[in-house]
Amino acid sequence: MRNFTTAIILLVILSFTSKAQEKVPDYIVTVNNDTLRGEVFELNNNTIKFRREGEKNKQTFQAQQLKSYFTYQSNITVKSLPNGDTHTPTFLRQLILGHVSLFELVYPNDSLQFYLELPQKNILALPKNNTSWAVLRTNLLECTSSYFENLMTQKSYLYSESYFKRIIKNYNLCVKPNEKVNEPKNVSYSSFGVLLGIDFTHWNYTFDSGENPFFNINGRLSNKFQPNIGFFYIVNLRKKLSLEFDLMYNQYSGFRDVPVNSYGTFYEPYKLTIKEKSVSLPLFLHYNTTPKEKYKLVLKAGPTFGCALRFDEIKSREFFDSDYVDTHKTVLFVGYGLGIGFERKISANKSLNIDFRYTNHRIQQVGLNNSFQLRVGVGFHN
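When the count follows full-length UniProt numbering, it moves up by one through the sequence shown with no breaks and lands on 382 for the last residue.
Possibly wrong hints are sitting among the right ones.
Below, a list of computed lysine-lysine pairs in the DSSO-like style, where the Cα atoms sit at most 30 Å apart [stated by the list, open to error]: (1) K180 / K165; (2) K121 / K67; (3) K180 / K155; (4) K180 / K350; (5) K67 / K165; (6) K121 / K165; (7) K350 / K169; (8) K345 / K56; (9) K67 / K56; (10) K176 / K67; (11) K169 / K180; (12) K224 / K277; (13) K169 / K155; (14) K180 / K67; (15) K315 / K224; (16) K79 / K67; (17) K165 / K128; (18) K165 / K155; (19) K180 / K128; (20) K329 / K224; (21) K271 / K224; (22) K315 / K271; (23) K49 / K121; (24) K79 / K58; (25) K329 / K275; (26) K169 / K67; (27) K169 / K79; (28) K329 / K277; (29) K79 / K176; (30) K315 / K329.
Label-pair distances were calculated between CB atoms; the ranges are [what the hints assert, rightly or not]: (31) Q64 / E149: 36 to 44 Å; (32) R220 / L352: 29 to 37 Å; (33) K155 / S347: 36 to 44 Å; (34) T88 / L158: 25 to 33 Å.
These are computed hints drawn from the structure, not numbers from a lab. Just so it is clear, CB atoms sit at the ideal spot from N, CA and C, and this is done for glycine as well.
Given these sequences and hints, build the entire structure.
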């Protein structure tokens with residue numbers, strides 16, 4: 001357990017440490033139209049720090065020095081926003097681009113989050129109050145369809161990204177039906193898919209007290225290769241940090257011959273057989289060692305929760321009339337896992353995932369399941 005805790009702490013520290021980061025898919029575009037690749041560190045709505053590929057030091061850029069930048073989070077553009085009698089270049093996240101465009105502050109504040117850009121290129125703020133509804137009603141006048149009018153009623157108004165996106169997309173389609181509405185896609189925040197693999201598993205039986213002078217049934221059972229199947233869901237938290245949720249079906253059937261030290265050879269060895277069918281829910285924290293666009297190499301660690309759907313202890317001897325079977329059903333268990341994984345992009349929204357991991361879990365006082373696992377999966381990115 002100490003090694004597991006150490007691994008988790010190490011992954012978290014690494015994920016928040018910037019010095020070790022190498023090539024990443026970030027870039028900036030300067031006002032001179034130079035594209036520089038490296039890593040973006042967002043500070044506020046007007047300033048970023050940027051470290052170019054192959055360099056250690058970070059350089060500060062103000063919004064007026066850039067046209068746009070792309071980071072793990074999204075596409076960012078620079079717009080000159082009214083600020084009293086002046087205009088201030090500000091970083092805005094692109095949400096909808098078209099006849100009318102929608103933007104969001106990189107760092108929203110208590111009173112403001114979204115901005116509207118009209119065809120004349122003037123920028124209008126959408127404050128966090130009913131004023132925003134009035135701004136929409138006053139400026140979105142070219143569409144007169146009944147469907148759009150129903151969307152624009154004050155009763156339907158809601159200050160949210162999804163509401164504003166819906167309004168702007170429908171307005172653009174109404175006014176410019178032949179013009180494509182561009183909704184920039186962020187780097188995927190999540191992926192899901194199917195896992196297939198094989199487990200190399202053994203059980204350590206620890207239930208017996210060991211006080212019987214003739215035999216001790218405790219010990220390691222036979223190794224078994226078993227197929228498995230499951231599903232995974234990965235949520236990206238940072239460039240180097242993500243969470244993986246798995247749902248796996250596993251099974252094991254192994255045995256151990258237990259010598260009996262008693263009255264001569266008449267006493268044949270016991271045969272202890274363990275059979276387990278379980279559903280496990282591993283939760284892994286990922287640290288991405290190579291956050292590149294095409295592939296990732298990740299270290300992973302985390303707890304495993306699960307339920308043994310059926311767990312049998314079978315004790316048998318040649319001269320017994322029948323086997324002694326102790327069956328447990330719906331037994332909950334907790335364990336942990338460590339592993340390393342590889343992800344390769346095979347298309348715009350698909351990836352091949354391969355990982356090797358070690359997991360274990362304990363069934364009550366009966367024993368410990370130790371498993372080395374190979375997983376191969378196909379992931380679909382949103």
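To see whether the hints hold, each was checked on the structure:
1. A distance of roughly 14 Å separates the Cα atoms of K180 and K165; the hinted pair therefore holds under the 30 Å criterion.
2. With a C-alpha separation of about 16 Å, the suggested pair K121 and K67 falls inside the 30 Å cut-off, and the hint holds.
3. Distance check on the hinted pair: K180 and K155 sit about 29 Å apart at the alpha-carbon level, within 30 Å; holds.
4. As the CA atoms of K180 and K350 are separated by approximately 25 Å, the hinted pair is consistent with the 30 Å bound.
5. Using a Cα cut-off of 30 Å, the hinted pair K67 and K165 holds, with the two alpha carbons roughly 23 Å apart.
6. For the proposed pair K121 and K165, the alpha carbon gap of about 18 Å is at most 30 Å, so the pair holds.
7. At most 30 Å may separate the alpha-carbon atoms for a hinted pair to count; K350 and K169 meet this at roughly 27 Å.
8. With a C-alpha separation of about 28 Å, the suggested pairing of K345 with K56 holds against the 30 Å cut-off.
9. Restraint check for K67 and K56: satisfied, since their Cα atoms lie roughly 24 Å apart, inside the 30 Å limit.
10. In summary, the hint linking K176 to K67 is supported, as the alpha carbons are separated by about 27 Å, within the 30 Å threshold.
11. Proximity of K169 to K180 is assessed by CA-CA distance (about 10 Å); at most 30 Å being required, the pair is judged to hold.
12. Proximity of K224 to K277 is assessed by CA-CA distance (about 14 Å); at most 30 Å being required, the pair is judged to hold.
13. Distance restraint check for K169 and K155: the Cα-Cα separation of roughly 19 Å lies within the 30 Å cut-off, and the hinted pair is therefore satisfied.
14. Of the supplied pair hints, the one linking K180 and K67 holds, its CA atoms being roughly 23 Å apart against a limit of 30 Å.
15. With a C-alpha separation of about 19 Å, the suggested pairing of K315 with K224 holds against the 30 Å cut-off.
16. Taking the CA atoms of K79 and K67, the gap is near 8 Å; set against the 30 Å cutoff, the hint holds.
17. Distance check on the hinted pair: K165 and K128 sit about 16 Å apart at the alpha-carbon level, within 30 Å; holds.
18. For the suggested pair K165 and K155, the alpha carbons sit about 17 Å apart, so the restraint of at most 30 Å is met.
19. For the hint linking K180 to K128, the alpha-carbon distance of about 29 Å falls within 30 Å, and the restraint holds.
20. For the proposed pair K329 and K224, the alpha carbon gap of about 22 Å is at most 30 Å, so the pair holds.
21. Only pairs whose Cα atoms come within 30 Å are accepted, and K271 paired with K224 is accepted, the gap being roughly 16 Å.
22. About 6 Å separates the Cα atoms of K315 and K271, which keeps this hinted pair within 30 Å; it holds.
23. Between K49 and K121 the CA atoms are separated by roughly 28 Å; this keeps the pair inside 30 Å, and the hint holds.
24. For the hint pairing K79 with K58, the CA-to-CA distance comes to about 24 Å; that is within 30 Å, so the pair holds.
25. In summary, the hint linking K329 to K275 is supported, as the alpha carbons are separated by about 12 Å, within the 30 Å threshold.
26. With a C-alpha separation of about 24 Å, the suggested pairing of K169 with K67 holds against the 30 Å cut-off.
27. Annotation: proposed proximity of K169 to K79 holds, straight-line Cα distance about 21 Å (limit 30 Å).
28. Distance restraint check for K329 and K277: the Cα-Cα separation of roughly 10 Å lies within the 30 Å cut-off, and the hinted pair is therefore satisfied.
29. With a C-alpha separation of about 24 Å, the suggested pairing of K79 with K176 holds against the 30 Å cut-off.
30. For a cut-off of 30 Å, the pair hint linking K315 to K329 stands: about 18 Å separates their Cα positions.
31. The beta-carbon spacing between Q64 and E149, approximately 40 Å, falls within the hinted interval of 36 to 44 Å.
32. For the pair R220 and L352, the beta carbons lie near 35 Å from each other, so the given range of 29 to 37 Å is met.
33. Taken as a hint, the range 36 to 44 Å holds for the pair K155 and S347, whose Cβ atoms sit roughly 43 Å apart.
34. Remark: the range hint 25 to 33 Å for T88 to L158 is upheld by a beta-carbon distance near 28 Å.
The structure fails none of the hints (numbered hints given earlier).
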